[in-house]
Amino acid sequence: MNEMVDPGDPPAHILIVDDERQNRRLLEVMLTASNYRLQTARSGAEALAFISKQPPDLIVLDVMMPGMDGNEVASALKLNSVTKNIPIIMITALSNHEARMVALRAGAADFLTKPVDHAELRVRVRNLLRLKAYGDYYDRYSQTLEREVVSRTAELRERTTLLEHQTAVLTDQADLLDLARDAIIVRDMDGGIVSWSRGAEVLYGWTSAEAIGHDVFALLRTKLFETRECADATLRLEGQWEGEAIHHSRDGRRSIVASRWTLQRNGDGVPIRVLSIDNDITDRKLADADRHMLTERLSLATAAARVGVWEWDLASNSLMWDATMFDIYGLTPLSPMPYERWSATVAPEDLPIVEAAQRRTIENRGQGTAEYRIILEDGSIRIISSVERVVLDDHGRVTRMIGVNADVSERKAAEEALEQSGKDRMRFKDEFLSNVSHELRSPLTAIKQFTSILYSGIAGELSPVQREYQQIVLKNVQQLQSMIDDLLEVTRLESGKLTVELENASIHDAIGDALDTLQGAARVKGVKVSWDVPPDLPAAYADRTRLRQMLIILLDNAIKFSSKGGSTVVSAKLLPGDGRYVLVEVSDDGCGIPADRVERLFDRLYQVPATTTASRKGLGLGLYICKELAALQGGEIWVEQRPQRGSTFAFTIPVFSLNSVIAPLLVNGAWPASETSLVTVTLTLHGELPPPEFREEWSRDARSLLERCLLPNLDVLLPRTHRDGATEQFFVAAFADDAGTSVLVNRIRSQFERYGRFDETGLILSVGHSALPEREDATELSTDMLISTLVSALETAIESQILLGGVQHEQQEDSRRRG
Amino acid sequence: MSNKKILVVEDDSDVRLGYRVLLKAHGYDTYFATDSTSAVSEARKHLPDLIILDLGLPAGDGLLVLDRYRANSFLSAVPVIVVSARDLHGNKERALTGGAQAYVQKPFDDDELLALIRAQLGEPCHAVVGAA
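So the protein lines, in turn, are chains R and E. Residue numbering for the first sequence follows numbering that gives the first Met the number 0, beginning at 0 and increasing consecutively. Residue numbering for the second sequence follows numbering that gives the first Met the number 0, beginning at 0 and increasing consecutively.
Calculated directly from the structure, the hints in this document are not laboratory data. Remember, it's a predicted structure, so these values are computed and weren't measured experimentally. Any given hint might turn out to be false.
[To be verified] Mimicking EDC-like on lysine to aspartate or glutamate, the simulated pairs with C-alpha atoms at most 20 Å apart in a straight line are:
no. : chain 1 : residue 1 : chain 2 : residue 2
1   : R       : K474      : R       : D484
2   : R       : K474      : E       : D10
3   : R       : K411      : R       : E348
4   : R       : K474      : E       : D110
5   : E       : K44       : E       : D10
6   : E       : K3        : E       : D110
7   : E       : K23       : E       : E41
8   : R       : K83       : R       : D56
9   : R       : K474      : E       : E111
10  : R       : K496      : E       : E92
11  : E       : K44       : E       : D34
12  : E       : K23       : E       : D108
13  : E       : K23       : R       : E460
14  : E       : K4        : E       : E122
15  : R       : K428      : R       : E493
[Said to hold, decoys possible] Distance windows between CB atoms, simulated:
no. : chain 1 : residue 1 : chain 2 : residue 2 : range
16  : E       : D110      : R       : R424      : 37 to 47 Å
17  : R       : E418      : E       : G121      : 51 to 61 Å
18  : R       : G456      : E       : N2        : 34 to 44 Å
[As the list claims (entries may be wrong)] Covered stretches of chain R, going by a simulated chain E footprint (3 or more residues, C-beta under 8 Å):
no. : region
19  : 433-441
20  : 451-464
21  : 475-489
Cβ coordinates follow ideal geometry from the N, Cα and C atoms, glycine included.
Just need the whole structure built from these sequences, with the hints factored in.
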């Protein structure tokens with residue numbers, strides 16, 4: 000005990016609590032000599048405040064205090080774990096038993112009665128301090144002990160948990176062993192099965208009970224890829240053997256297993272057992288074989304087809320090529336190889352196109368194709384066809400591109416040769432047909448000449464019968480001639496040489512002309528031909544000659560197929576429901592066309608098979624030509640069966656509209672130009688009107704003559720908008736100022752004069768020009784607006800010119816009549 | 000009827016005969032050449048008022064003959080009507096730009112040919128129309 004109150008220890012701290020100053024002083028004096036550190040408090044509350052700051056080793060506490068008395072202070076201290084062990088000496092004036100019990104219950108360790116005896120106080124203080132020191136030591140010791148116990152307990156618990164976990168793992172593993180597909184078999188040194196796992200049961204089909212005791216090699220009919228002796232030797236030497244084996248299961252199925260044998264020895268090192276683990280790799284083996292086969296096949300295929308396979312890693316911009324790729328490009332193999340090594344071989348003019356295509360493929364995350372030229376080291380050029388596809392990573396990003404290349408140079412050359420030979424054949428066919436028709440026309444010319452001579456009576460008067468026979472000859476010559484024409488027409492259609500010249504075409508005139516041409520044929524057949532065209536029907540935007548040709552073909556057919564003495568009707572009107580087209584219909588009252596033939600009617604060389612009509616069939620090209628001509632002029636053709644009898648052939652043709660016709664022409668011109676003029680070329684015929692074919696001819700000639708005077712992109716020859724019997728007007732929109740237009744006008748005049756032909760055929764030429772009004776706000780208008788402004792200005796100018804031309808013409812008529 | 004002179008350049012003898020009969024009947028004096036060489040010499044010899052020229056000729060194309068007519072100061076003003084069995088397409092334009100006054104497709108219509116001849120010779124058309 001002594002060592003616990005060692006004088007070297009700091010002096011004991013004693014708190015004296017009393018409400019009376021003399022008492023505090025007295026107690027202080029009594030304890031001073033004992034070398035204690037003394038502190039005083041005047042009330043219970045003050046005492047508690049001091050104690051909470053610094054707990055004393057002992058408290059001398061007066062019971063009777065105002066406010067908080069000694070018992071309350073003691074009770075409060077006993078409730079606090081830090082202060083509950085501080086010994087309290089209660090000083091009380093009361094000596095009765097009850098008061099002492101209260102003090103003891105409140106937690107006092109001892110008590111003194113007032114007046115306090117000096118010696119008694121010092122003894123009790125000293126004793127209590129010793130007790131406290133012992134208590135403190137015991138507390139500290141027991142706390143240490145307790146901590147140690149706690150830590151040992153925790154350690155134990157940890158160990159237990161670990162153990163439990165290990166047990167669980169072991170249990171799991173044991174379960175797994177049985178769950179595993181691996182067959183685990185233990186055999187003795189003679190091959191007798193000692194243990195047969197669940198996996199073995201599943202893999203080989205025998206239960207453990209059935210298998211145990213049998214010779215494992217006999218049971219499984221084991222085949223090794225080496226001799227059994229060899230495997231056993233390895234096992235004995237190295238303690239284990241690994242290899243593949245073929246086993247047969249109970250149902251006879253063959254399994255390929257990866258087998259691993261481990262030798263187990265007893266304590267004396269004598270081998271006693273072999274543990275074998277068989278892992279079924281049959282599926283993997285088969286898949287391997289398949290993959291190997293596929294790879295082989297693919298490589299064979301790519302090699303045979305000379306298709307190279309490549310892969311492009313975008314991040315490193317490097318390429319991986321297979322052998323065929325290097326072969327195609329004539330490069331020494333290098334893998335991976337920089338992208339530039341490829342791009343340098345691509346023909347420089349092709350590279351941007353190929354790279355753009357690659358970019359598109361990457362952007363679309365799809366597949367692309369390309370065809371480009373490469374230049375080999377020896378300078379020869381090959382054509383490569385490429386198919387490429389992007390490869391996406393897990394985040395959907397394009398990281399790589401894979402593809403194949405094939406050298407298609409030979410194929411390309413063959414294709415070109417084929418195309419060329421096709422063209423050659425086509426040209427040969429054209430030439431042949433052209434020659435044939437030429438050769439056919441020559442004798443026909445003589446036949447026609449002499450028939451005409453005989454018929455006209457130049458070689459002597461003919462009898463009526465002779466004249467009739469000559470008429471028949473002429474009619475047949477005519478047929479032969481039109482067949483030859485049709486043949487040539489089809490040749491032109493198919494070689495794309497047939498062009499149409501669209502212009503303002505009067506349907507009225509076209510129908511009138513066609514009826515004139517076929518009047519004779521209709522009269523001979525006794526067919527009544529009538530027509531129905533409203534006088535206000537707008538003009539068509541068509542090729543006059545071709546429009547007439549179509550009408551002649553359809554009318555000729557209609558007359559041919561009409562019954563003798565029957566009737567044929569030609570009508571034209573605006574297409575119901577679509578005012579942009581004119582509908583022309585030619586109807587006959589013949590025997591009609593069987594429904595199943597209608598579809599092929601417009602095919603080339605198709606004829607409706609033998610009908611009751613006695614007429615000759617011809618080549619069957621007419622309707623085919625009609626269909627093509629309709630299409631060339633922006634229309635359609637079809638046939639309908641009439642309710643009572645016969646057929647109606649109908650076709651559409653666009654209505655002429657200056658605006659829609661002129662606007663497209665201007666878009667390609669040098670418009671907008673600062674100034675625009677309208678040049679009007681008027682040709683007026685004097686004297687007798689020649690037949691329509693001749694008028695057509697000189698009109699075409701004049702047009703081509705005029706075209707030769709114009710500057711492309713600066714002068715636009717407008718489609719013919721107006722024509723009547725004796726006057727032909729052409730309009731040119733010239734994007735030039737007054738001086739420029741004058742040059743053009745002079746060029747036109749001199750060209751026409753030099754040509755001479757028009758003078759001689761009695762044509763009068765007049766060339767005039769007028770500037771179109773300028774618009775001040777022109778710079779602010781959009782191109783569309785400018786064009787529509789220009790078109791309407793042109794329209795106005797043309798209309799006034801047409802009126803003028805008409806007036807001139809009428810005046811000439813007047814003067815001629817007067818003359 | 001004036002006795003206008005017409006030179007016909009034509010290699011087919013039957014067709015030549017046809018021209019002879021037709022043109023004679025309409026009061027023309029006719030001369031003939033059968034190939035491109037005689038076409039020029041006969042024209043220089045007879046100085047015709049009008050020439051009917053076939054294109055498919057032995058010893059040279061009719062278009063070359065046309066060039067030689069147009070290059071000859073005596074013949075350059077003589078109207079030429081090209082009459083050919085060749086396809087209208089292309090040939091007509093070549094003939095007209097080469098200096099021919101008209102292009103007639105074989106087999107031709109007698110009346111049409113006569114109308115053209117009269118127009119080129121400046122004779123009244125109605126005479127022909129009346130004769131048809």
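Consistency of the hints with the structure:
Restraint check for K474 (chain R) and D484 (chain R): satisfied, since their Cα atoms lie roughly 15 Å apart, inside the 20 Å limit. Distance hint between K474 (chain R) and D10 (chain E) is unfulfilled; the C-alpha atoms sit about 26 Å from each other, more than 20 Å. With a CA separation close to 19 Å, the supplied pair K411 (chain R) and E348 (chain R) stays within the 20 Å bound. Only pairs whose Cα atoms come within 20 Å are accepted, and K474 (chain R) paired with D110 (chain E) is accepted, the gap being roughly 16 Å.
Of the pairs offered as hints, the one joining K44 (chain E) and D10 (chain E) holds, with about 19 Å between alpha carbons and a cut-off of 20 Å not exceeded. Restraint check: the Cα-Cα separation between K3 (chain E) and D110 (chain E) comes to about 18 Å, which is no more than 20 Å; the hinted pair holds. Straight-line distance between C-alpha atoms of K23 (chain E) and E41 (chain E) comes to about 18 Å, which keeps the hinted pair within the 20 Å bound. Distance restraint check for K83 (chain R) and D56 (chain R): the Cα-Cα separation of roughly 11 Å lies within the 20 Å cut-off, and the hinted pair is therefore satisfied.
About 17 Å separates the Cα atoms of K474 (chain R) and E111 (chain E), which keeps this hinted pair within 20 Å; it holds. Between K496 (chain R) and E92 (chain E), the direct Cα distance comes to roughly 15 Å. Compliance with the 20 Å bound is thereby established for this hinted pair. A hinted pair counts as satisfied when its Cα atoms are at most 20 Å apart, and K44 (chain E) with D34 (chain E) qualifies at roughly 15 Å. As the CA atoms of K23 (chain E) and D108 (chain E) are separated by approximately 17 Å, the hinted pair is consistent with the 20 Å bound.
At roughly 17 Å between alpha-carbon atoms, K23 (chain E) and E460 (chain R) fall within 20 Å of each other, so this suggested pair holds. Only pairs whose Cα atoms come within 20 Å are accepted, and K4 (chain E) paired with E122 (chain E) is accepted, the gap being roughly 13 Å. Simply put, K428 (chain R) and E493 (chain R) have alpha-carbon atoms about 11 Å apart, close enough for the 20 Å limit, and the pair holds. Range check, D110 (chain E) to R424 (chain R): about 41 Å between beta-carbon atoms, so the 37 to 47 Å window is met.
Against the hinted window of 51 to 61 Å, the Cβ-Cβ separation of E418 (chain R) and G121 (chain E) comes to about 54 Å, which satisfies the hint. The beta-carbon spacing between G456 (chain R) and N2 (chain E), approximately 22 Å, falls outside the hinted interval of 34 to 44 Å. A stretch counts as covered by a chain when three or more of its residues have a beta carbon under 8 Å from one of that chain; for the region 433-441 of chain R and chain E the count is 6, and the coverage holds. Closer than 8 Å: that is the beta-carbon criterion, and the region 451-464 of chain R has 5 residues meeting it against chain E, so the requirement of 3 holds.
Residue count for the region 475-489 of chain R with a Cβ under 8 Å from a Cβ of chain E: 3. That meets the three needed, and the coverage hint holds.
In summary, the numbered hints that this structure violates are 2 and 18.
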